[in-house]
Amino acid sequence: MLGFFDQNTLLLMIALPLLLLVVSHIFNGVAVCSTMTNLVASVGVYTLSALQGIGKITFFAASGIKSCFAPPFYFRSTINQIIVIGFYSLPIVGLTALFAGMVLAMQMHVGFTRFNAEGSIASVVVISMTRELGPVFAGLMVAGRMSSSIAAELGSMRVSEQIDALVTLHVDPLKFLVAPRIVAGVLTLPLLVFVADVIGVLGGMIVSTTLLNFSVGSYVVQTISNLELMDVLSGLAKAAAFGFSIACFGCYHGFNSELGARGVGESATTAVVSSCICILGLNYLLTAVFFGI
Amino acid sequence: MTKIVFENVHKKFHNNFRVLNGVSLKVADKEVHVILGRSGCGKSVLLKCLLGILQVDSGDILVDGLSVKKKEQHRDYIRKFSILFQGNALFDSMTIRGNVEFGLQQINRNKSECRSIAEEKLLAVGLDRRIFDLYPAEISGGMQKRAALARAIAIEPEVLLFDEPTSGLDPITSGVICHLLRDTVTKLQITCLTITHDLKVAEFLSDHSSILNDGAIIWTGKTKEMKRCGDEFVENFYRASHSILEVSA
Ligand SMILES: Nc1ncnc2c1ncn2[C@@H]1O[C@H](COP(=O)(O)OP(=O)(O)OP(=O)(O)O)[C@@H](O)[C@H]1O
Ligand SMILES: [Mg+2]
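Chains A and B, in that order, are what the protein sequence lines are. Quick note: the first sequence uses this note's numbering, first residue 1, plus one each step. Quick note: the second sequence uses this note's numbering, first residue 1001, plus one each step.
To be clear, the hints were calculated from the coordinates, so they are not data collected in a lab. Because the structure is a prediction, the values reported are computed rather than measured. Where hints are given, some of them may not hold.
Derived pair list, reagent style PhoX-like, types lysine-lysine, alpha-carbon separation capped at 20 Å [what the hints assert, rightly or not]:
1. K66(A) <-> K56(A)
2. K66(A) <-> K1071(B)
3. K175(A) <-> K1071(B)
4. K1070(B) <-> K1030(B)
5. K175(A) <-> K66(A)
6. K1003(B) <-> K1070(B)
Bound-form chain A, shown alone (with noise of 0.2 Å):
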């Protein structure tokens, strides 16, 4: 794990702001560079300004974890997150899974057909779906439906002072609000994750079995005997991650909203924004830690 994060990089991350900074110092007095320096100054400061936002996340995303074990805790809260995060998001993912796995086994037979390995249609198409396909896109469309409307949500709870009355009437926000949606992500997630692949399989198994030729029988025997659990199990752990980010960024954007409607608006399009990217980067980081590439 610590290898990503080896010394070269954690050296490049400090080290790079303070070359801007110095840079943007020595070139203060040169007139003629002004646009120069305006230029560093102002990469500096993004940069500065992103690193800040980075801790900020990081430190409210602990908070968040740590609300999830201290009681009280909100059970109907966190059932009313479940059934809107996870039940409610079923037909999207379902549907998105569904024709992903048709067109990749479409997609598979036209390149496998050039190398004659069309018998091998139905273990890339589980493969492909439990370790990526799967869990992207459920987190992706999840993180779309999901991110902004809690970002929103909390967002107009902060402009309308929602979050303060709970405050004043001994309720802890944090625990009221934000571990229910992460412990939610992180439940239905996976679970998700694991309807997304059935459907997904079943979905190369309509193109392959209608279109292309295969046997009902002989597609499921293919897909059962290629897999193996690391695959499933790899892909239910990033779902877990997906969630957890996809809640912690919602419920970051929405408490962190500034006032007002086009506020409350900014922060459910940060929220979204935000967490399909690291939903992207969790991805790439997760898949070489299970597979050591």
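With chain A fixed as given, assemble chain B with the ligands onto it according to the hints.
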């Protein structure tokens, strides 16, 4: 006995905008005190500092000797308060009854007791049983104000805070709400701090008031004496409240 002490409270925001610039004020136990000030002068910020929702930059706020800054005392500290927010701040995912019950459940676990206290308080603020199971968005502003008041008094606070209790209400409803607030405070015999820009509300609710201007309390005294206190801003504020046309910018 002094209940609330503001000691030289300073607060500024990220944009370096100084909102509170040395607020000092004492409110006695069971006193009904009103802080007046122009829109945007920082009244709501002062209340949020008092509740610890916003952190003061320097200075301190003490309630019964407990400091707002001490994290370990925060639970006991916050328990003393209840607030009627400027925008009511009813939870829109809960019914009216649910809002009041939710507040009660945090201090009193017994479900049936919560339910009966909630109903009692909602009836006490003059709400009809028919609206108990409606959501905040489905009732009028005046009714929301009543519901928010019911939620605030249900948890039996030692200090009741009103932030612009009549904002957004028509004159008749304002009058009704003011009567309700005054009756409630008289009946409960508790400390009450109201902030408003409306002198009429201040005069009606209490005979003690303070004026917040430029981030500091510039005058404290009997509301009646405001007219001839010697401070230009205060007298101007008084005149403006009684006749818009007489004000000199
Ligand atoms: N979170 C915040 N960030 C930055 N500035 C803020 C914030 N909250 C309040 N302010 C600023 O503080 C000032 C005082 O705001 P406040 O809401 O306390 O006014 P007010 O006296 O309650 O006015 P009103 O009578 O309109 O309610 C405003 O100018 C506002 O711009
Ligand atoms: Mg205000």
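To see whether the hints hold, each was checked on the structure:
1. K66(A) <-> K56(A): Roughly 15 Å between the alpha carbons, so the hint for K66(A) and K56(A) holds.
2. K66(A) <-> K1071(B): holds, 17 Å
3. K175(A) <-> K1071(B): Holds, at roughly 17 Å.
4. K1070(B) <-> K1030(B): Distance of about 24 Å is beyond 20 Å: violated.
5. K175(A) <-> K66(A): holds, 9 Å
6. K1003(B) <-> K1070(B): Satisfied, since the Cα-Cα distance of roughly 17 Å is no more than 20 Å.
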